[in-house]
Amino acid sequence: MFDTVSQLEIFPTDLQMRRVDPARNMRRFYRMSIQPDLFGGASLVREWGRIGYRGQMMSEPHADEGQAVTALMKLARVKQRRGYA
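The working numbering puts the sequence shown at residues 1 to 85.
Keep in mind the hints are simulated off the structure, nothing from the lab. Glycine included, C-beta positions come from ideal geometry on N, C-alpha and C. Possibly wrong hints are sitting among the right ones.
Simulated restraints on C-beta separations [stated by the list, open to error]:
| hint | residue 1 | residue 2 | range |
| --- | --- | --- | --- |
| 1 | R27 | M57 | 14 to 20 Å |
| 2 | N25 | T70 | 32 to 38 Å |
| 3 | P22 | G55 | 17 to 23 Å |
| 4 | R81 | E60 | 17 to 23 Å |
| 5 | I10 | Y53 | 30 to 36 Å |
| 6 | R18 | M58 | 17 to 23 Å |
| 7 | A23 | G52 | 14 to 20 Å |
| 8 | S59 | I10 | 19 to 25 Å |
| 9 | R27 | T70 | 26 to 32 Å |
Turn these sequences into a full structure, and let the hints guide you.
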C-alpha cells in the first residue's frame, strides 16, 4: 500500500548548517548525515569545524534509521538555538 522508501524521504537524512559572525571572526560549519551500517542499523555521522578547514568527525550508531533521524532532528534544533542556520 505505502512505499516505505518514499515515506522515509519526508525526513532529512543530510543536513548542513553554518554559523557566521564576522564581528567575532566566527565561521563554523556543522554537517550531519545518516548512513546505513553493516549490521542493519544506521549511524548518525557528524562533522564540524571552521569553514575552509578539515573538521572533526564522530559517528553515533543507532538501532534503525528512525532513531537516527530522531537524533538528527533533536541535534538540529539544538544547533539552531545556538545560531546555526
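Checklist entry - Does the structure break any of the earlier hints, and which numbers would those be? => result Failing hints: none at all.
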